Amino acid sequence: MKKRKERINRGIKVRSGDIYALCSWQEMLYLSGPRIFPFVLFLLLPFVLGIYWQKVLLSVAVFSLLAISWDILAQSGMISLGQSLFFGMGAYCAGIMNHYWGMSPFLTIPLATVAGGFICTVMLLPVLRLRGIYFSMVTLILPIMLVRIIEATRIFGGTEGISGMSPMPSKWIELYLVLGVLLGALFGFRRMLDSDYGLVLKGIADNDRSVTNAGINIYLFKAQALFISGCIGAFSGAFMTHVYMFVGMPVFALDYSILPIAAAVVGGPGTLAGATLGAFILVPLSELLRGVGGLRIVFYGILLVVFIVTLPEGIFHYVQRKYNQFERWVEVDR
Amino acid sequence: MSQKILLKVEGVSKNFGGVQALSNVSFDLKEGELLGVIGPNGSGKTTLVNLITCFVKSSSGDVIFEGKKINKLPPHKIVQLGIARTFQMVRPFYQLPAYKNMIIPLYSPRVKKMIGGKYGDRDAVALDFLEEVGFERDSFVAYKSAGSLPQGYLKRLELAKAIALQPQLMILDELFSGLSLAEVAGIIPIIEKLRGQGISIIMIEHRLRELFKIADRVIVMNFGEKIADGTAAEVMEQDSVKNAYLGTESTKEETDNDTST
Numbered sequence: 001m002k003k004r005k006e007r008i009n010r011g012i013k014v015r016s017g018d019i020y021a022l023c024s025w026q027e028m029l030y031l032s033g034p035r036i037f038p039f040v041l042f043l044l045l046p047f048v049l050g051i052y053w054q055k056v057l058l059s060v061a062v063f064s065l066l067a068i069s070w071d072i073l074a075q076s077g078m079i080s081l082g083q084s085l086f087f088g089m090g091a092y093c094a095g096i097m098n099h100y101w102g103m104s105p106f107l108t109i110p111l112a113t114v115a116g117g118f119i120c121t122v123m124l125l126p127v128l129r130l131r132g133i134y135f136s137m138v139t140l141i142l143p144i145m146l147v148r149i150i151e152a153t154r155i156f157g158g159t160e161g162i163s164g165m166s167p168m169p170s171k172w173i174e175l176y177l178v179l180g181v182l183l184g185a186l187f188g189f190r191r192m193l194d195s196d197y198g199l200v201l202k203g204i205a206d207n208d209r210s211v212t213n214a215g216i217n218i219y220l221f222k223a224q225a226l227f228i229s230g231c232i233g234a235f236s237g238a239f240m241t242h243v244y245m246f247v248g249m250p251v252f253a254l255d256y257s258i259l260p261i262a263a264a265v266v267g268g269p270g271t272l273a274g275a276t277l278g279a280f281i282l283v284p285l286s287e288l289l290r291g292v293g294g295l296r297i298v299f300y301g302i303l304l305v306v307f308i309v310t311l312p313e314g315i316f317h318y319v320q321r322k323y324n325q326f327e328r329w330v331e332v333d334r
Numbered sequence: 335m336s337q338k339i340l341l342k343v344e345g346v347s348k349n350f351g352g353v354q355a356l357s358n359v360s361f362d363l364k365e366g367e368l369l370g371v372i373g374p375n376g377s378g379k380t381t382l383v384n385l386i387t388c389f390v391k392s393s394s395g396d397v398i399f400e401g402k403k404i405n406k407l408p409p410h411k412i413v414q415l416g417i418a419r420t421f422q423m424v425r426p427f428y429q430l431p432a433y434k435n436m437i438i439p440l441y442s443p444r445v446k447k448m449i450g451g452k453y454g455d456r457d458a459v460a461l462d463f464l465e466e467v468g469f470e471r472d473s474f475v476a477y478k479s480a481g482s483l484p485q486g487y488l489k490r491l492e493l494a495k496a497i498a499l500q501p502q503l504m505i506l507d508e509l510f511s512g513l514s515l516a517e518v519a520g521i522i523p524i525i526e527k528l529r530g531q532g533i534s535i536i537m538i539e540h541r542l543r544e545l546f547k548i549a550d551r552v553i554v555m556n557f558g559e560k561i562a563d564g565t566a567a568e569v570m571e572q573d574s575v576k577n578a579y580l581g582t583e584s585t586k587e588e589t590d591n592d593t594s595t
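Residue numbers (our numbering), protein chains in the order written: chain R, 1 to 334; chain X, 335 to 595.
Bear in mind the hints are in silico, worked out from the structure with no lab data behind them.
Possibly wrong hints are sitting among the right ones.
Said to hold, decoys possible - Heads up, incomplete: computed chain R residues facing chain X, CB under 10 angstroms, no partners named: (1) GLU27; (2) LEU193; (3) LEU199; (4) VAL200; (5) GLY203; (6) ALA205; (7) ARG209; (8) ASN217; (9) LEU220; (10) ARG296; (11) TYR300; (12) LEU304.
Every value quoted in this text rests on a predicted model; they were computed, and no experiment measured them.
Ideal placement from N, C-alpha and C gives every residue a C-beta, glycine not left out.
The shape of chain X in the complex, shown without the other chains:
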């Protein structure tokens, strides 16, 4: 792994009216690194992703991608720079067959620029990408309308749409949520393969066991603040994380103290 820093988040804050969703969050992402972001519900993980991809504009702070400030750009420009994301709630085009869903990312200016012209037949390329994420070639799954696909395939489709953009940084927002263990086991090799290609990945995840197997580094969020940063083992040792995330061990003592004072 090279030590070059790909993405630098510097003290970003975001408030929606009076609600402080993120306050002064900073972290770095090295090239080729797989960073896990964990935290309880409502701790600002998805807001963080929305800030990096500029779907939401930050109240203060900077996001720097490859030495360039990106936090004032429109969202489609971010994608063109090489940051692709998946959505926590899958967002397929329900009317279209699964492989037609892939045409839209393949139509993207970024893809056109990278392959220097047009794909001869986007349908064929779409099927290739879908096969890569586990839409079997010899079945009809890829031709079914996205509305009739089960959740597992929709998540894979979402992943394939991000892969098709050939990004340098991929942000996977709760990719594993709602999937069975077997389905997760099927997706992990795909992620490992992407890392092998040198793509940096940020994964937001609630499924800690699966995440810790593949993550190089983990940051923990709570109430919009970063409370820990390190390898999975290091992070889970910290008391603040235990309190915030797992939150059971010292509760009784604290309540005892509270009543005594």
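Looking at chain R on its own, in the form it has when it is part of the complex:
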């Protein structure tokens, strides 16, 4: 007898799908639980963790932001291989503002966020017409090019970079600032992608001529998505500048391009929450593997492959499905 798996929405999922969700606390909890969970987690984690893991949490949050920034671009049909461009641009903007103009971190971070996003958008404007792999190649080249320019012209400290940035007033402000921004970006941009505006962005990824045919200027929308994504990346760069109190050529390193993509793919692209979840798994994993020694990268790579092979849809999509639906085996009637 042949059998196949059938997926059915859980009763509570169906009941909480409408205004009736307000009728019982179970349904309300079912709906709000997954949304409250990250808030509680982010609020408590800094208290629970030691100094070392607090630093890891910072780096997790930064990679989450980069992964979210990558995911927004990918949702609008632009696969970027150069998130380090956004990161580095924000980092250098903040560094220059702080070192040469003496601005405080609370001024440089917001300014560098907008300035970095703007510069990245302008740099990528000429290639907005490119689709698919052609766009990706340009984004891959740009950070490498910038590194060489800094090396050759010795501007902004050249190969040595600029050190001695002003630090954040306290590590608590540091932690809660980046976690707060992460929460804001996660929920805000998730909402944006679900709105009609987000639908147009997804439409561009799906079929850009059809969107043009609706009288919508796709280049304007692509530039806006680029600016949003650039700002998120630039914020994480500007923030890290003040955490490390240093900015230099490593900000354009390949890590900042590849890890966010890995996080988004492992976590499940398209939801932003998946990208965050992916970063929350991959970055601590890489720290845990430090105990292994020289073969760390090998084990890391193997685990990455295992994740992608076993859950190609992404961890978040898998968890979401389990949360909403149950499975049962039914006989195939023929």
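Chain R is already provided as a structure; the job is to place chain X on it using the hints.
Relative to the frame of chain R, chain X by itself:
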């Protein structure tokens, strides 16, 4: 029907490298008219549409819409002026449910301008437009993902996306191709209704019988040139059209002549 000319195409030509896709095509379209464009495969019909909607830029010649030259504008500007088109190969957003497909045209600047603000709930308006083209209200068709819909519904969706833009001129590129007779019979009343609202329509079609029932005027294309222009009956009487389009009657004589000379 008023005699005001809505669209004027003046001697447009287009060549892709060495291939002359269109050479010196001119025609007028009056307000409220339904113009059929027919011709054998590769005769430049779709290129003509692409030129009018500026998806392709013309090599020479002008396209004038409401007294304004439009052939140098970007394609989204053309739509904002009031020319909507459907594609021969349907281009839905496959991931999205059918009614969500409608949100994108409803988000268009043209629609925003025409209704003077925002729709309260675009989903509800989308469902209204879909019902108009035959997505039954009391079924789940409108909620299915566009990727799982049959061709007939996809063509209707394509039409609904164009209708939602509330255009003055609608260009339907082979709307009937790939549809059954019954499906075509279901779409014709929609087109008749659009004409009733005063919308001018250009239809590119291979299904001549259905087209001739509703078209006011027909132009015939062959090898990138316009070879005939008139009512359906007039056009089909012309020898050049018979040769080019139907192409059987005189073939034998011609080959005989060729061998004799």
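Item to check | Violations among the numbered hints, reported as their numbers in ascending order | outcome: Per hint list: 1, 2, 10, 11, 12 violated.
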